[in-house]
Structure formats: C-alpha cells, structure tokens
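Protein chains: 2
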Amino acid sequence: MAFGYNGKILVVDLTAGTHEIREHDERWYRTYFGGSGFIGEMLLKEDLVDVDPLGPENTMIFACSVVTGAPISGFNRYTVGAKSPLTGGFARTEAAGFFGPEMKFAGFDAVIIKGAAEKPVYLWINDGNVEIRDAADLWGLDNWDTLVKLQELTGEKRVRVSSIGPAGEKMIPYACLQNDLEHYNGRTGMGAVMGSKNLKAIAIRGTGKLEFADPEKVKEIASWHRKRIKEHPPNVGLHKYGTPILTEGVNAGGFLPTRNFKEGQFEHADKLFAEPYHDTIFHSRGTCWSCSVACKRKLELDDPKYPLDKRFGGSEFEAVAALGSMCAVDSLPAIGYGTQLCNLLGLDVVSTGSVISFAMECYENGIITDEDTGGRPLKFGDADAMIWLIRQIAAKEGIGEVLSLGVKKAAEKIGKGAEKYSFHIKGQELAFHDGRGKTGMGLGFALCPTGADHIETPHDVAFVGEGISKLYPMGLLDPVDPVKTDAAKVRFFYIGQKAWGINNLLGLCNFCSVPIHALTFTKLVEAVQAITGWETSLYEILNGVERANVMARVFNNRCGFTPDDDTLIRRWFEKMPSGPLKGMRFEPDEFRGWIELYYEMSGWDKEGRPTRGKLIELGLDWLEEAQVGAAQ
Amino acid sequence: MAFGYNGKILVVDLTAGTHEIREHDERWYRTYFGGSGFIGEMLLKEDLVDVDPLGPENTMIFACSVVTGAPISGFNRYTVGAKSPLTGGFARTEAAGFFGPEMKFAGFDAVIIKGAAEKPVYLWINDGNVEIRDAADLWGLDNWDTLVKLQELTGEKRVRVSSIGPAGEKMIPYACLQNDLEHYNGRTGMGAVMGSKNLKAIAIRGTGKLEFADPEKVKEIASWHRKRIKEHPPNVGLHKYGTPILTEGVNAGGFLPTRNFKEGQFEHADKLFAEPYHDTIFHSRGTCWSCSVACKRKLELDDPKYPLDKRFGGSEFEAVAALGSMCAVDSLPAIGYGTQLCNLLGLDVVSTGSVISFAMECYENGIITDEDTGGRPLKFGDADAMIWLIRQIAAKEGIGEVLSLGVKKAAEKIGKGAEKYSFHIKGQELAFHDGRGKTGMGLGFALCPTGADHIETPHDVAFVGEGISKLYPMGLLDPVDPVKTDAAKVRFFYIGQKAWGINNLLGLCNFCSVPIHALTFTKLVEAVQAITGWETSLYEILNGVERANVMARVFNNRCGFTPDDDTLIRRWFEKMPSGPLKGMRFEPDEFRGWIELYYEMSGWDKEGRPTRGKLIELGLDWLEEAQVGAAQ
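Line order of the protein sequences matches chains A and B.
Following this note's numbering, the numbering of the first sequence begins with 20 at its first residue and continues without gaps.
Following this note's numbering, the numbering of the second sequence begins with 20 at its first residue and continues without gaps.
Please note that a few of the clues may not be correct.
No copy is singled out in the list; a pair is fine if it fits within one copy or between any two copies.
Only pairs whose alpha carbons sit at most 35 Å apart, straight line, appear in this in silico DSBU-like list of lysine-lysine [as the list claims (entries may be wrong)]:
#1 LYS246 - LYS625
#2 LYS64 - LYS503
#3 LYS542 - LYS236
#4 LYS542 - LYS249
#5 LYS64 - LYS625
#6 LYS64 - LYS290
#7 LYS594 - LYS435
#8 LYS236 - LYS290
#9 LYS246 - LYS281
Hint data in this document are derived by calculation from the structure and do not stem from the laboratory.
Between the sequences and the hints, there should be enough to build the whole structure, so can you do that?
And the structure:
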C-alpha cells in the first residue's frame, strides 16, 4: 500500500490519440520523489537529447511529488518539464495553486504528454477517466476565456485548468502555462512546447482522497505549521504584502535590476514599494491549496487606461521589477495591467520584461530605430511603450516578431551589436536580483540547469549574522557576507542550492518551506514520513535533490552545454556604476575558479561532467554507459 | 547555555606536570561532535605527523561526544586516539562501560594527554579537581590490582578507572586500555602510548549532572528504546548470548577465520557456539551506562587449569575467534582463560590471537623452531601453547619478545619467509571476519584508517533481502549480495561506512544503535536534538562523519600511507580452499578498481587524497594549505 502517492503516471500520446497508465514501485518513487527528479528521469530515459524542442518528439511532464496534495501549507506545487525551446536544454518550471493537488486527487502523480495532435485538443482528466477532446472552440482564446469555456465544456465549475494563451499557441519560446489565472509555470518556455503539441489545456477534476501513513500526524504538523506561519516574520510579511514586500529592501541594497541591468537602484522605486501597492491597486488576497500564507494578490482598479481586474493574479515582485524598474516604469497601474496582459496572453513576465528593457536599451542606442517600430518610440520610462510591446510580442507583430524570440536570438537576428544589451544565461532571461549584491545567487544563476532561476538559489541576504542558523541542520555554521565571493561563498551556494532543491524536488512552496520560511528541516522530514510512511531522513531527501541536479546536468551536457555556459552576464563582470554596490563586479578569472571549485565539490570533472563515482554513488548507474567522455 | 556537553576539554601536560582547561564554542562542537571527530582535529591541529608514536611528543585524547552520558542505551562509549605505534598513522579505539559518562559528569568532554612523566603517575580527576599523582605503587600491577589499589588511593569505591597492564608499561604496540575490567579500548596500541607517557591510569569520579535541552524527550526516547531493545530480534539475541551468538552463523557462512585465515570454517566450532558457552562458562550478564541490552558476559569456572573469575569481562565473539578458531583451540575454558589473561595484562585480544596463530603457522612451517621456543611446540590446537604465548608476549620473554612487535614487524624480524604468514592491514592485525564472505566488510578492512576494523564497516549479511530497509533512510534501496564485489557493493560500503561512522563519531554502541540494532535513524536524530537543543539532522551528522573520515585520511596520507596500503591480505586474493565459500577470492586488479571507485565517490583523487573541493565542502579549509600534492 502506497501512502501519499498513487503509484500511477498518466502517459498520453497525442499523435496516436491514446493514453496508458504507467505504474512504478516504491523504489522508483523513493529514488525520484517528484518534480525535478521526475523530469530528469524522463528526459534521460526517453532520450530527448537530440529532439527539436518544438517537434512532436519532445515530451512534456506535469509532475507532482510523493507529498503534493497533503493538507499542509505549501505542499501544492507541481513542476512542468521538457526539453526547453528557450535554452535547448533541461526545462523545469513550477507553479502553485490547486492544479497539482487536483491531479493527485484524480489518481495520478504525473501526466506525461508525448507526440502532437493534428488539430487543437485539450485533455480532460475526470477522476481517472481520460479523454483527448477537440479544442477548436478554445484555440485562439486568452487564458480567461479558455477557463470559462472549459468550465462549460466539462460541466464542472470546479475544474482545474492548466492552459496556454495565444503566446503558447504561437510557440513563443518564453510562453508560459497558467492555472486558475493566478498561478504560472513561467520559465523555460513550456507554453511553446504545449502549443507545438496543439494542446490548448489540461482540465482536471479529482474527487479522490489521498491516504496518508499517519493522518493524525499530518494534521498535527499542518496545524503546527499554520500557527508558525502566523508568527514567523517573513511569512507575516508575505501574508500582509505578498512578494512585493521585497521591492524596498532589494532597491535599498542596490541590487534591484534597473534599465536592463545598467543600475541596481531605481530612482522612482518608492512608488513601487509594498505600501503604495497595497494602498492603491491591491484588492484582496489569493491563496493555494491548503495554504495559510495567502501571499497571492488580486488587483482591482477602475482606470480607463489600465483597468485592473480581480480575476487575475496580481504582480509579484518579479513582475514589479520586470515591467517596473527594468523598464524604468514607475506606474503601479501600468505594471499591474502589463502583468494582467502577460497572464491573459500567456507570456512569462520575467522574460517579457527583460525583452522589453532590452528593446528599450537597443532603441536608446540606435540599434532599434523608429523604422523598426513603425515610429513608436521605445524609451525607458514609457509605460505605454511597455504595454504596447507586450501586445506586439504576443501577436508576433512588427518589432514584436523578432522580440518574441527572446533576448538571445533577437539580438542575433537584429545584429548591429545588439548582443551588447542582450542579457541571458544559457539562453534564458534572468530573474531580477543583481548577482553583485547576492553573490551566492550569482553563482546560482550561472549554475542553474535552466539558466538564471531565482528559486534554484540561496538568497545570501537572509543568511547574514544569526540568519545562518537556518542552515545549521545542513552543517553550514558560518554567516554569509552577501557581496563577497570566496571559497566559503561557493560552499554556501553548494549547500544552499540543495536546501532550495528540496522544494523543487518535492513541489513545496519556497514561501512556506525551508530554509527561510516557516517549515523547519525537522518538521519537513516528519511530514514526508507521516505522509509516505517511509522512515526517511534529510539525508535521503537531499540525496534525491542531488540526483535530480545531476540528471539535469548530464542532460544539459549531452545537449551540448559546456563550462562556458556556466557564466554570468557581461554587466556583472563590469563595475556597478552607482548605488550602494558601486564598484562591485565579478572578476572573470576568479569567477571561473569558483565555478571549478563548485564542480569539484559536486564530484564533477573539470568539464563539469559528473564522474562515474558520483553517478554510482547516486544510484544513477544507468547513466554511466552513456556519459560520453566523462572522467573515468 | 550548552546542553549535553560541558564545553570543556581537560589538557594535561605530563612533562610539565600541569593542566589547563580548553574551552570550545558550539560551532566547534557542532563541527567535530566527539570521538573520531575530536581525534582527527587533534592529530592535525597538533600536527602529530612526524612524531614518534612512543615519544613524549605524541598526544593522546580520551574523547566523549556531545551526547555521551545521556541516559539512553548505548550512549556511553568514549574513544581513545593518538598516532598509532602499531600502524604509524591514525589511531582510534572505542570502549563502552561507565568511564566516558563519568568523565562527562566530572565536567569534561575529553581529556588530552600531552608529554610524558618522568616517573610513573596516574591522573586523578575528581569532579573538576585534577591531580597528577605518583604511581610508584601501581606500576607493574595487573589491571585488577590497579583498580583495587586506585579505589584505596582515591578513597572512592565508585571511581572509574582506565588503566594499562604490564603490556602497556612495556609499550607492546598492541597493548590495550581497560576500564572496570570489562571494557577495552583494544585496537591500535593505545596502551603502549599511555605506557610511553608513564601514565598508569586515569581515575575519574564525577557527580555532576548533564543538562539536556529537552529532558522529558530524552526520557521518552530512552524508554521507547528500552522497550524496542526487548523486542528487536538482534538485541534479544545479544541480551541472551552476547556477541558469542555470532560464532555459529559466521562459521556456517564459511567466513570464520581459522588457523591464521587459512580456512573459513573451524571443524570444532560447534564446541564454541553460544549455547555451550552459555551452558558451561557463563556466569552472568554485565552492562554499560544506562544500557538495557546487557550484552557483556561474566564467566566463572572452578577449573584447576583454567579458572575463570567473574570479576573480568568474558570472551566476546572476537576473542572466541582470536583464541579459538584462529588457533584451532576448541576449549571454551582455555579461551575464557586466555581472554582473562589478556585483560589482566592489557593485551588486545584480537591482535594477540592473530600473533599467536601467526606463530603457530610459522612453527608448523619450520620458520619458528623449537630452538626459538625453548623446546615448546606451538601447534595449532594446543590450548596450553596459546596460554603460554600470551604470558610470553606480555612479559616480552623468549619468543614472546619478537611476537610482541605484532605480526608485521615480527615477520620482518624473523625473516625466513615469515611475511607469507603475517596478516595485517596497514600494520594492524585483522578482526575476525573473512572478507571473501562479506565483501563490503572486505572493502572496509582495506579502507579503514586504522587498518582492518570491524566496527568501521557494514556487515553485508545483515542487508540481504528485506534487510536492506535498514539503510533506506540513507538512500540505499537495493539488497546486498554478501559475496559479490561490484559497483553496487562499493556504493553499499560507501554508504554503510557512514552509517557505522555515526557510532564512532558520537560514541554510540553499535549493539544499540543504527543501522542494525534497536535505534532508528529517526530516533537517533531526535535524541541528538533533545540532548543538545540543536535543530540537527541526519545530513548534518553524516557530514560530521565524513569530516572525521577525511581528517583521518589526510593524517594518514601525511604520515606516508599510499593507495598501496588500501589493500587486503594475501590469502583473500587467493581462492578459499574449502567450505561454503570454496573458490572465492578477490581478483587483485578488479579490487584496485573498486578502491579507486571508492576514492572517486568520496571526492578523493586517484592517489586517495581528498580534493580541495571536498575539504572546502566539509569546512576543512584549514587543511587545504598543507594538503601537499593534492588535486587542485
């Protein structure tokens, strides 16, 4: 008897129009756990190295974990993975909400999508009944209309939907997935992959119940956790203000990316802080399955130009930076409206903001001209230009067509030195934390298998002084200096990456879980034990994290990534021009040394390839044969 | 406020006749924990690489841990370390009983002995009062008389004593320490080091109380543990029969070293099994601090030739093999009497049995002759010869003089091809488990920093079939084949060594703790948390284990050990001649490959040197500079 998980994975073949159920035993679940582990296993076992990310041979997975759907705050995320059209490598993108738990309640721990339908379809999973249905009536709709229509088509008001908008249909490589219009699998272009499969949406209704090994203990932990969330300062702040609470501190520290990473402070940042956000555009809180943090925002504003509608999830910190400081826009209504547009149309707001600020900097440097824009100026600070570009990109119209490629390919196509302003890592645009002010996160941006990802990586600033005690259970005892990069910082990142990796493996929300938020390592382990009935440990879970990380690395290596791809953006190797971090930069040769030190800590060779010993240690012997050229 | 430990280490300088108290902070305790960790730190920080093990520059440590003395079964061991006179490298030897907890109650977590006294002394630690006292009246006494005399001299009937016998005084490199005549720090020659310092004994009386962070929880775990010990089959067996319960199974499996490792079964083994032991020589059970297993035996026999006295600890399995099957002696009274003699005189029974069987094989092959023995034949099976040799060795008389060097140096001195019968690893005689029948333990014998040590290493036979579930919390999910050596076995050893390492780090008894006995990994972590108040984890503890292991490795490397020392005895590379394992052997080139795979898993280079990355990962940066020639 399995507890916590169903033991079943739904595999849908859109080409054949068939589906089957794949069953795995406890050993498999205890090896791969969920999320990032399921993705790595699939990418390598299905051997997706050489496939076109937007061809029918690419395979997607919607992965819960062995604990998703337990009634504990934050145990609600699911992860989507495939080969990424944005990076050409490992893709992984999480979202919260209710979709993951609903999948579990419907009887599946993951859904794998293979092949491509000839015509638009959607997948209807109704408590174990699986149908591939015609989506002619949905194709072309935005995410809101898709949701409403699917409620009609399935006859289920409470249906949970993951869908793509027009951006995904058009296979824009940074198109995202949404669920319930509040939750987004934003990064690595999974919307484009879904679009390439002619799959508009997955609709799920699940009324089953998960069995837990020790239901009383699960309840007890959930209640302990809820109580602690009410008292734990970072969670109190998140409840009150949501992630926009970060804007003020990030700006004060001088690491709020501004004007396409040119600066680390935005002169009008105070207009974007949590309090004005709360006082002007905020309508109410939203939340996720069983979560008492309720950090999600809903916005409402009766504004002729930027009307805000409470049906949509409001701007997170990343959106405030993407459409605000990055574009030098200081209007919260415009930022809220831009976020809403991205959500409706299905664009990742992080990449979109980066693309727009890239376009603005190109425009200000004469690389993109009025001729390219049809006479529309694209200056930093122009909120209307920002909104206009979102629409152009989603529609692939005018300048939007080239910008829809993402900054890397857009710069290549534009030429004229545009690369100088094209900031990405491994092809993916960066999340908005200047690495010069959080050097551990800088290392994380360089080393994350998906390109710069802020939920892969430790936020150095939370571990200064006594703050380091959060990582004591992982054996890290020395406080962090946020702006220093040295061997101790590499160690901090090495260990912190594993701590964050727990959340990506088990599908836990960073804002409820370890290491910063209300869940402790001890309670986490107790929760996994009570849910699954396994006598597991932090050691075993972190082993799973490392296994997932190594699988992602091996996949990327096979896809052709080299140590040269483990790098940062040009601007971070140059001195910060102003603000509290003025003069700070990463020294390139030294930085290379830290990357190599990380490889060595990880049991990878100088080319960043996990050694045979590391693969065997992690029980990944099945990868050994094919690990071409690795150290022997 | 520290819980569980005192924060104080007593440092005695016998040359100067002074002592001081060294205080360490929580960070230090959380880095080194105790036992093997304290030893490694001391050997490297004091830089004992180039010292003569029997010179005054060598330094000894008697190390408890942060949890020693908690009232939980098995939380009672302490570890003695120094540079070993037997191996010339890292020494570590544990003993149970009451001495370690008494040290904690007296206010110290460890006692370090530096220098050497001019004349015999003993150390009297009375609740924090420390005296170096004249031991003229003790020198030359056996361990029993020493104990009685010390009770008189200190006026404390309940004094706890660790002492050396005449063998230690004579600096026999496999002389041991005893406490309470039932518990022995047997291996690596710590009795000789103590003798070289003219230190006859350490007497301790401690009436203090340890404070625990959560005393109720400590009680709760202790009581849960006691209950489980009563039901958990391996503990039930140990309670009933003690370690001699192993003899039958080890012989049946064909891996009971017999006649100096020539065979794996002893034709008269049935006379040595637990039941005849219990029915003939057994008197009563002994136990250790707060332990409900009570696996210790006391013997009594009214026999004119081999009188057995219940004041002494009786023969453990290792003694039965050492003086029984290894010497082909089938008389339990003789074995019991030989054990008693070793205990009185202060000889490690494991090395002593090996030395005697080496002498017997040399004698049978004409390498040791009647001329050497003064006409005394030394044939296998001759119980009187075995007893006679123990006395000769302890007195360094006649043939005993050369044999007192240990098999390695004795063979060198004897010449005439004696090396052919000299079985040791890194200079230390082996414990009695034929590695061909437990290949994981074989790897452990080769890789243990002290030379072959059976408490370093996983007992493969406990992990066949469902048995492997004991190691699930460490991520090991596949059952073990005891006689197979392959990559999976190297992984099993790599992980299992860490599991056993917990006990050597924290001073827990293997017979109460993980992975085989009644304590579970979960309860272990809870216990450490409740005792210390640290939010620790299995990950952090295993990090400490690896740190200790790496320090031992670095010390040995600096002392001149090379990968050639990570090997097995000649006979195990040859086919087992008979019994269930007939034909089994380690293939030398293949074995070398497994050793190198272990290095790679460990983050060590091909020369067996921990890489810079590994040192930094473990927070051992302070070793980096001096790690000459290591991989960069």
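So, going through the hints one by one against the coordinates:
Within a single copy, LYS246 and LYS625 get their C-alpha atoms no closer than 47 Å, and across copies no closer than 52 Å, so neither meets the 35 Å cut-off. Taking identical chains as interchangeable, the C-alpha atoms of LYS64 and LYS503 lie at most 35 Å apart only when they sit on different chains, with a minimum of 28 Å there against 40 Å within one chain. In this assembly of identical chains, LYS542 and LYS236 lie within 35 Å of each other by CA distance both inside one copy and across copies; the values are 11 Å within and 16 Å between. In this assembly of identical chains, LYS542 and LYS249 lie within 35 Å of each other by CA distance both inside one copy and across copies; the values are 16 Å within and 29 Å between.
Both within a single protomer and between protomers do LYS64 and LYS625 lie at most 35 Å apart by alpha-carbon distance, with minima of 25 Å and 31 Å respectively. Taking CA atoms no more than 35 Å apart as the test, LYS64 paired with LYS290 passes in neither setting, with 50 Å inside one copy and 56 Å between copies. Taking the shortest Cα distances, LYS594 and LYS435 sit within 35 Å of each other inside one copy (24 Å), while across copies they are farther apart (74 Å). Proximity of LYS236 to LYS290 under the C-alpha cut-off of 35 Å is found in neither arrangement, the shortest distances being 45 Å within a copy and 52 Å between copies.
In this assembly of identical chains, LYS246 and LYS281 lie within 35 Å of each other by CA distance neither inside one copy nor across copies; the values are 42 Å within and 66 Å between.
Checked against the numbered hints above, the structure breaks hints 1, 6, 8, 9 and satisfies the rest.
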